[in-house]
Amino acid sequence: MSALTTKTIAELRDGFRSGDFSAREIAEQFNAAVAGARALNAFTVETPEAALAAADAADAARQSGDIGALAGIPLGIKDLFATEGVDTTAGSKILEGFKPRYESTVSGNLRKAGAGMLGKLNMDEFAMGSSNETSAYGPVISPWKRKDGGNAALTPGGSSGGSAAAVAAGVAPGVTGTDTGGSIRQPAAFTGICGIKPTYGRCSRWGIVAFASSLDQAGPMARTVRDCAILLDAMAGFDPKDSTSLDLPVPQWEAGLSSDLKGKRVGIPAEYRIDGVPADIDALWDQGVEWLRDAGAEPVKISLPHTRYALPTYYIIAPAEASSNLARYDGVRYGLRAEGEGSLDSMYAATRAAGFGAEVKRRIMIGTYVLSAGYYDAFFTKAQRVRTLIKRDFAAAFESCDLILTPTAPSAAFGLGEKTDPLAMYLNDVFAVPASLAGLPAMSVPGGLDGQGLPLGLHLIGRELDEQGVLNAALAIEERAGFTHRPEKWW
Amino acid sequence: MSVDTEQVRHIAKLARIAMSDAEVEAMVPELNNILGWVEQLGEVDTDGVEPLTAVIDQKLRLRDDVVTDGDCRDAVLANAPAVEHGFFAVPKVIE
Amino acid sequence: MADAAAPYRITGATGDWEVVIGLEVHAQVVSNAKLFSGASTIFGSEPNTQVSLIDAAMPGMLPVPNAECIRQAVRTGLALEAKINATSRFDRKNYFYADLPQGYQISQLYHPLVGEGEVEVLLDEKDEGSAKTIGIERIHVEQDAGKLIHDQHPSFSYVDLNRAGVALMEIVSKPDMNSPEEAGAYVRKLRAILRYVGSCDGNMEQGSMRADVNVSVRKPGDPLGTRTETKNVNSVRFIMAAIEHEARRQVDLIEAGGAVVQETRLFDPDKGVTRSMRSKSDAHDYRYFPDPDLLPLELDEAFIEECRASLPELPDAKRKRYEGLGIPPYNASVLTAEVETARWFDDLLANGVEPKAAANWVASELFGALNRLGRTLGDSPVSPAQAAELLGLVGDGTISGSLAKQVLEIMLETGEGAAAIVEARGLKQTSDSGAIDAVVDEVLAANADKVAQYKAGKEALFGFFVGQVMKAMAGKANPQVVNERLRSKLD
Ligand SMILES: [Mg+2]
Ligand SMILES: [Zn+2]
Chain P
7 MSALTTKTIA ELRDGFRSGD FSAREIAEQF NAAVAGARAL NAFTVETPEA
57 ALAAADAADA ARQSGDIGAL AGIPLGIKDL FATEGVDTTA GSKILEGFKP
107 RYESTVSGNL RKAGAGMLGK LNMDEFAMGS SNETSAYGPV ISPWKRKDGG
157 NAALTPGGSS GGSAAAVAAG VAPGVTGTDT GGSIRQPAAF TGICGIKPTY
207 GRCSRWGIVA FASSLDQAGP MARTVRDCAI LLDAMAGFDP KDSTSLDLPV
257 PQWEAGLSSD LKGKRVGIPA EYRIDGVPAD IDALWDQGVE WLRDAGAEPV
307 KISLPHTRYA LPTYYIIAPA EASSNLARYD GVRYGLRAEG EGSLDSMYAA
357 TRAAGFGAEV KRRIMIGTYV LSAGYYDAFF TKAQRVRTLI KRDFAAAFES
407 CDLILTPTAP SAAFGLGEKT DPLAMYLNDV FAVPASLAGL PAMSVPGGLD
457 GQGLPLGLHL IGRELDEQGV LNAALAIEER AGFTHRPEKW W
Chain E
590 MSVDTEQVRH IAKLARIAMS DAEVEAMVPE LNNILGWVEQ LGEVDTDGVE
640 PLTAVIDQKL RLRDDVVTDG DCRDAVLANA PAVEHGFFAV PKVIE
Chain V
1189 MADAAAPYRI TGATGDWEVV IGLEVHAQVV SNAKLFSGAS TIFGSEPNTQ
1239 VSLIDAAMPG MLPVPNAECI RQAVRTGLAL EAKINATSRF DRKNYFYADL
1289 PQGYQISQLY HPLVGEGEVE VLLDEKDEGS AKTIGIERIH VEQDAGKLIH
1339 DQHPSFSYVD LNRAGVALME IVSKPDMNSP EEAGAYVRKL RAILRYVGSC
1389 DGNMEQGSMR ADVNVSVRKP GDPLGTRTET KNVNSVRFIM AAIEHEARRQ
1439 VDLIEAGGAV VQETRLFDPD KGVTRSMRSK SDAHDYRYFP DPDLLPLELD
1489 EAFIEECRAS LPELPDAKRK RYEGLGIPPY NASVLTAEVE TARWFDDLLA
1539 NGVEPKAAAN WVASELFGAL NRLGRTLGDS PVSPAQAAEL LGLVGDGTIS
1589 GSLAKQVLEI MLETGEGAAA IVEARGLKQT SDSGAIDAVV DEVLAANADK
1639 VAQYKAGKEA LFGFFVGQVM KAMAGKANPQ VVNERLRSKL D
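Chains as they are written, first to last, in the numbering used here: chain P, 7 to 497; chain E, 590 to 684; chain V, 1189 to 1679.
Note that these hints are calculated values from the structure, not bench results.
Certain hints may be false.
As the list claims (entries may be wrong) - Capping the alpha-carbon separation at 30 Å, the derived lysine-lysine pairs in DSS-like fashion look like this:
1) P/99 with E/681
2) P/99 with V/1335
3) V/1506 with V/1362
4) E/648 with P/99
5) V/1281 with P/247
6) V/1419 with E/681
7) V/1677 with V/1638
8) E/681 with V/1281
9) E/602 with V/1335
10) P/270 with P/99
11) V/1362 with E/602
12) V/1419 with P/105
13) V/1593 with V/1616
14) P/105 with V/1335
15) P/247 with V/1377
16) V/1281 with P/99
17) V/1281 with V/1407
18) E/648 with V/1281
19) V/1593 with V/1664
20) E/648 with P/105
21) E/681 with V/1377
22) P/118 with E/648
23) E/681 with V/1506
24) V/1664 with E/602
25) E/648 with P/247
26) V/1664 with E/648
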C-alpha cells in the first residue's frame, strides 16, 4: 500500500469509505510523519492520541454505516483556534500553558464532521507577521529549498506558516488557517499549496484568538482545490455566537466544483502591476490569464484605483483593533503574569512587556496611537473612509467582471532573517490585503516555480459570497498548471 | 505627524507595556517610519465618504433574554495565575 | 427646603457662589441575562458563579446583545420623552482595571441609543409652583464592571466578575441642577419613573442605581467653573451630602487662591467628604472606537411602537388624574410617589370608593396605622377590597368615623373583614330615636343642675350632654340624631 501521506483528502476519504485502508492506518502514518518532521518546527503541540481516538471512532462508525464528511481525516489546527484541553498559545509567550475549556466553532465543526487532530500549528505571534519569525516558539522552516546549492532556511510565509509547511511537507493532508491580511494566501503561495479565505462572516470567529476582528477569517489550506472545498464545506456555517456570522445557508462547494468557465469574465487590475516584482511573477500572471481563457473565461481589463492605499489603510485599522483586542492579556485570568513592582499597573506593564514579542508590541503601540485623543480622526476615521472607497472599487469592478486574477505575493519565499525592516515585511501582503479590507472571498492556487525552483501562487478574488466562482477558477488553473512539485525531503 | 520619546513613553503607559529608555529610543524611529508611511492616506479625497461600519452589509441580531450560560466557576478560574477563595487575586489596589 | 424665590448659594469669604450639578445615573437594567452573555444577573451569588467565558474575556469570546436590555432602555427613553435613535452603535471604551476583564467596556459614545429628553421635578410636594424641568442629555447602554474586594488579604485585591457584563443604562442629565435638593428631587423622580416603567428596580443599597456626580461652582453669572466627578454615589442622601461637601471644598479652594482640578473623586459616607481617587488619577485617554465585533444596531418602527405601547401610566399623568378626581395635590403626589402605593390606590379606586375621602383616609388613617406597625402598603395586611368595604360602611353611615378607627385596628390585628367585625362586635351605630330619647331623658334627669345652668345661658354645656349620651350608648348612637333629640328637649 503506497504511503497514505501522499494522498489528497478526497483520496483518503474515498479510500477509507471503500475500505482500502482504515482510519487508524491513516492516523498512524500521519502521526509518524508529524513526529518525523520536527526539524520544520511546524507544530507547537503534537496530539497523536487525539488523531488515533478520532480514527478509531471513524472506523467504528464505518461499521455502523453513518459517518461524517471528514471521518478518518486527520488535520492540523492553527494555534489561533481554541482547542478544548489542548494548549492554545496563538504563538505567544503570554498564553504559554493556556488550556481553553472550550472549542472554537470552526475546529468543533471539523470534529463533528469526524476529522481528527494531529496537533496545533506554529504561527506568527497573534497572527502578526508574514514569515512566521514573530512566533515565540521559533520560526517554522519551509520544507522548500532554493536550488542554488545553498542551504538557506526559507520562510513558509505567515502568519499560517506552520499550517502551510505541514501540508507542503505532507505531514498533514489539510489544515486550518486564518487570514487577516493574507495569512492564508501568502503562505499557501510560498509553499506550493492551495488556501482560501472565504467571505467575511462565512466561518465563525467564535473561539479564534482575535487579532483584528473586522478582518479575521478562518479558512482551509490543502494540496488541492477540491480538498479546500471539502474542508470549507465543513468549517463554514452560521453561528449565533458570532454577531458578524452570516446567517445564510452554506453551499455545497465541493459538489459545485466545475472548471468550465464559459461566460465568466476575469478582471485583470492594472494597479496590481507594480515595480520591483520579479519577472517570473508577472510572467506567471500572464500565463494564468491564458489558462483561464483556455477554460472559457474572457479576460477584461479593470481598474481598482485605491489599491496602493490598501496596505497603509490596513496598517491603521488592524493595529487599532489589535491594540484593543489584546488588552485582555493582563496577567489576571490566564496566561503569563510578571509581578512588577507590586502595584496592579506595574504587574500589567511587566506582564505585557515580558509576554509580547517585538512585532506585537510595535502594532499595539501603533494601534494605541492612532486611536488616541487628537489622532483618531486623522488616522483611524480616515482609514475607515478609505476602506469604504476600496470596497467601492471592487463593487465597481465587479460590474464588468465576475472574478479578479492577480499574483498572490510580490515575491517567492525569502530566507529567514533576510527581511528585517518591518515595512519591507508588510509589503508581502500588498496583493492580498485589498480583498481582506473588502471582506471578499479570495484564494491562492499554485501556478509554477520561479528560477530558484520555489513555488509561486496565483490569486483569485470573487464577489461577496461567491466562493464557488473562486474555487472553480482555481480548479481551472490547477488542471492546466499541472503543479505536482513537492519539496525534496531533507528533514 | 511624528512621535518623540515622550509620546512613545505616554503611549507605552496607555498600552501598559513596560519599556526601558533604550527600548523607547529604539521604538521612536520605528513608529515614525510606519506613521510616515501610513500618512500617504492624506492624499486620498474622502470628502463625503462615510467610514466603513460593516464589512458585509447586515443587521445586528439580538438574542432572547434567557439564562443559558455561567455557573462554571472552575472553567472561569482554571487558567488563572492567582486564585483565592473563588476570586481572581491581583496586586492590592488602593482606591 | 429650597424654594424658587431664594436660589441655593454657598456663602464664601468673597461672596455667594452658585453650584452647577450634572448627574450621570447608572441604572441596572432589569433582565434575566447579561447584556452580551447568557449568564444570570441575580444579585448576591457566590463569587464568579454568574460568569460566562465571555464575561471573563477568554480569548476568542464574542458578544451578542440581549434584546430585552435594548427594549428596556428604549422604554425608559420613551418614559423620559426622549428621542429614540433608530440607528445606534456600540463603541469600546479602552482602559485597564482589575474589574474590567476585556480591557475595554462596551458602551456607546458616538451614537447612543437614546437622545435628548426631560424630567419634571417638584422641589416642594405641596407646591406645584416649585416644579423644575431637568434636561436629559442622552441615555446609552453599556456593560457593568466586576467587583473588587480590598479588605480580605494584606497584599491582594479580590476580583468577582458576577456583575461584569450586566446591562446598565447610563442616564446623563444636562447640568441643570443648582442645589443638593434639586439633585435629590431629580434622582428620586428618576427612580420613581424607572420603577413605574419596570426597567430598573431602583435598589440603591444593592447598587442597582448609582450616580456619578459632576459638580462645579461659579459666581452667579460667571462662565462654568472646572468640574469634578464624584463616582458611584449610591444613595440620595449621599448624593446630596457629596454635592454639599464638594461645592464647599471647591469654594474654599478657590478662595484660598487654589484652582479646582478636573478629576475623579470618591465619596466617603463615614466622613461625609469626597477625596481624589488615586487608582484613577492618571490622565485618561479612552480611545473610543466602534466595536468591530458588533454591527450597527437598527430598530424598526414596530419595535419602538411595541415599547411605547407597553408603557404604564407614569407618575405625572397619574398625579394629574388623581387631582382631576378631586384629590388634593399633596395627597396626589404622596399617592403617586411610589409605584406600589399608586398600584394599591388604583385598586382601591377600582372598588368604587369616593376618591377624595379614600385619599384622605389612606394618607392619614391607613399610613398612620401602617407606620405604627412598621409596615408599608407593599405588605399591608389590609387589601384594597377590604379597605373599600370599610370606607363603604362609613359612607352609608353604618359606622362613624371614630368607630372606623377601631374597626381598622381590629382588621389590622385579625385580618377579618370590616362588616364582619362591625356585626360580630355590634359596632353598628343606632339612629333609633326611641332608644336615643330614653337615654337622653336619663342623662338630662341625672344632670338637672347642669340643665339649669344651660338654660341660664351656659351653651357650652351642650357638648357635655352629647358626650354623656354617646358614652352611655358606647359610641354607637348616630351623632346627628343625638344632637337633634337633645336640642328638641333642651331648647
Ligand atoms: Mg461617568
Ligand atoms: Zn457609564
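Legend entry - Violated hints - listed by number, lowest first: Going through the list in order, the structure violates hints 4, 10, 11, 12, 15, 17, 20, 21, 23, 24, 26 and respects the others.
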